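**Student:** If you're matching them up, the sequences are chains A and B in order. Counting in numbering that gives the first Met the number 0, the first sequence runs from 0 upward without gaps. Counting in numbering that gives the first Met the number 0, the second sequence runs from 0 upward without gaps.
No wet-lab data here; the hints were simulated from the structure. Please note that the accuracy of each hint is not assured.
[Claimed, not checked] To spell it out: a stretch of chain A is covered by chain B in this simulated footprint if at least three of its residues, at any positions, have a beta carbon under 8 angstroms from a beta carbon of chain B; those stretches are:
no., region
1, 114 to 127
2, 152 to 164
3, 189 to 203
4, 235 to 246
Keep in mind it's a predicted model, so treat the numbers as computed, not measured. Using N, Cα and C, we set each Cβ at its ideal position, and we do this for glycine too.
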Amino acid sequence: MPHIHPETELHNPQSAKPPLDPHLKALENEAIHIFREVAAEFERPVMLYSIGKDSSVLLHLARKAFYPGRVPFPLLHVNTGWKFAEMIAFRNEIVERYDLDLIEHVNPRGAAENVTPFTHGSALYTDIMKTEALRQALDAGQFDAAFGGARRDEEASRAKERIYSFRTPDHRWDPRNQRPELWNVYNGMIRKGESVRAFPLSNWTEVDIWRYIQAEDIPIVPLYFAEKRPIVERDGMMILAEDPRLELLPGETKREEVIRFRTLGCFPLTGAIRSNATTLDDIISELETATVSERQGRAIDRDQSGSMEKKKREGYF
Amino acid sequence: MTAPATANAVEHVAAGEVLAFPAQEPARATRDSRPLRLITCGSVDDGKSTLIGRLLWDTKAVKEDQAATLQRDSKGKQNDLGLPDFALLLDGLQAEREQGITIDVAYRYFSTDKRSFIVADTPGHEQYTRNMATGASTADLAVLLVDARVGLLEQTRRHATIATLMGIKQFVLAVNKIDLTDYDRARFEQISHEFRELALSLGVRQVTAIPVSALKGENVVYDGRASMPWYDGPTLIEVLELATTRSAQTVGFRLPVQRVSRPGESFRGYQGTVAGGSVKPGDSVVILPSGMVANVTKIVTFDLVRNAAVAGDAITLVLDRQVDVSRGDMIVAIDSQPLTGLSFDAQLVALQAEGIQPGKRYWLKSGSRRQRVQVQPASQLDLQTGKWNHAEQLPMNAIGKVHLAFDEQAIFDSYEQNRTTGAFILIDPDTNNTVAGGMITAKRSALGGIHTEDARVILSLPADLADQLMATELFAGRREEAEVRRVSAGRAVEIIDDIDG
Ligand SMILES: Nc1nc2c(ncn2[C@@H]2O[C@H](COP(=O)(O)OP(=O)(O)O)[C@@H](O)[C@H]2O)c(=O)[nH]1
Ligand SMILES: [Mg+2]
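Please put together the full structure from these sequences, using the hints given.
**Tutor:** In structure tokens, the structure reads:
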């Protein structure tokens, strides 16, 4: 077993960077506290890793929380088979680089029945390939705690969610009977089969995430940066037209545009934005003047108000 | 176990082609203050959600697509002024939108050029008081709303009391719906006066009263001079920008140990968040409850080995000798130690329908320490009179004084001294639910009743036997006559051998 030599090896080469501003430092401290608390109190924690910017921050904080030890739980990626190719390449690189344990799960029923966003519609597709798949993976691993990167500023029902969010054995969330959560004293007591979702980024906003990525030099998928890319316009969204499985409908044409993504998910359901932001500075100043929220690009949130709460009650993350 | 040095080594791996590595750019102007945490409270329909909606709206925290959803959802519910229903920005749950009320606390984020804010919108209904207590526990400031036409209500008093109990020292009284009183100055002054009296009786000195129309946005972010030329005080946002955040705790160093990090043979660190004071290498510390003494050799974080850590910092502490430290222990300054003992006084808010039952054994969690406790209610606060009346048990939403009796050493500061190490929750072992939020007021020096410390019988039993005995009704009735100490079976054998031998 390798040994750490005090003084020398404990000095991290990153120490050259300037200290975090107090606002981000406070958010970081809170997240690390939550990570350690969950890791200590639960038997089988897992971290949901969606490869997006919030997941990248979450992973960075996990590494900080357990340093100089290894991240003491696996990462779970619920794959739908329709993620951007660049996301998967990025994921594999990160897992290797940071010596992480990755569990990848695809809903076998969905795969067998060939459920796609094109054939089954976004609602049913999301239900099977994400919600159901997540439940399968959590059950299979018998995980009693799952870290997620959700933020309260994302959506109205999330604004109400606890940091330790209790789930029944069939993964349901009861928003009307949440446990009170006082100070930073978290109640981790559950019965067998029950679980919690833990949200270390609850109090972060989208701008905080970007400012932290910049301050800490955290790698992210390049799709967040503007570049000339092939797109096709569909249902008022610009979809990336790179994957050979994307069939053009009558009247649709492929064209190139300088675009980037504010959130990343399944490429057929994720709308790009026109943007010239090629650096983190650009992204942050674009955000500070943005007039639409980040969820605007997501097809699954637009069905109706309260659609996210419904999905969450049924076990969607 | 894997290589402890992994986290270091991998930093040097060159960037893969698919990775976007942000170039080092000059640091942007940094904000110099922590976010201010505030709660809004008051009675149902006083306009809490509308006020926060207005704060978000006027500080441009609402984006176009959210505004469009808001306009759409407000259809048919628009008020006379034709303004959207701002409360819909907050009341995000289906049940809330259907019933038009706030059920659960919502956290929202907004900022001005001067500062960022985290605001908890709390429900006004009495049955949801527990959620109000939740919001208050972390807040630096409370905005109390009253309807200018109605004045103070019992619920207003209840909220002010809970907020004070939870350690909030700064209050804003927002006399809302002032537009519906024709901007009646006398009315505003009468309500402010009444509230100041209430505040004084609670020991609160910092109160700013502001006449507000949340709906029209007067004296929230923009001033309301056009309608209220008689008011020349600050707007709500001006008060919030100047308010102070909870200052770093002044008492001695406190580190509740969350976990022990042992990535390799040669490294042993104690991980936790500093809950008070500060620490630096060379400091002498005591590990509680064992009382062992050690010196700090290093403060380890991912970024660098630090030469000091202060309250709020999440750190890993390395000590100079092999000592037995585990989760739930507290590492503290040798010259400024917390209270330890088996018996404490506390105040608490009962959060669930079952209330707090006398003699029932609960789990108490404070920091990272969880232990069994028996709770004996002593009195309950009457919100009408402000008097503490004798009480045998505490119903839901009651504020009570209680005695806590532990089986094993407990470690606290008073809540007045330290809002982290003086706070706890009670968990019902039958439901696993959080049934109370509590604050330590003092350590009880002597046990009540006729039995003195000397008269108690001390029983050292294997842990499982001790638990069984203490769970019996017979024992519950006579617990002041005997103290049960849990020992391992092996240790019990040793004790018996000692006696026999
Ligand atoms: N005229 C007037 N109406 C208001 C004002 N503030 C809130 N309201 C209305 O009072 C009602 C209750 O407001 P709401 O924010 O839901 O109250 P809450 O229960 O305290 O959250 C809604 O119909 C609001 O439009 C105000 O300043 N002036
Ligand atoms: Mg409300």
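**Student:** Hints first: check each against the structure and report whether it holds.
**Tutor:** Hint check:
no.: 1; hint: 114 to 127; result: violated (count 0)
no.: 2; hint: 152 to 164; result: holds (count 7)
no.: 3; hint: 189 to 203; result: holds (count 4)
no.: 4; hint: 235 to 246; result: violated (count 0)
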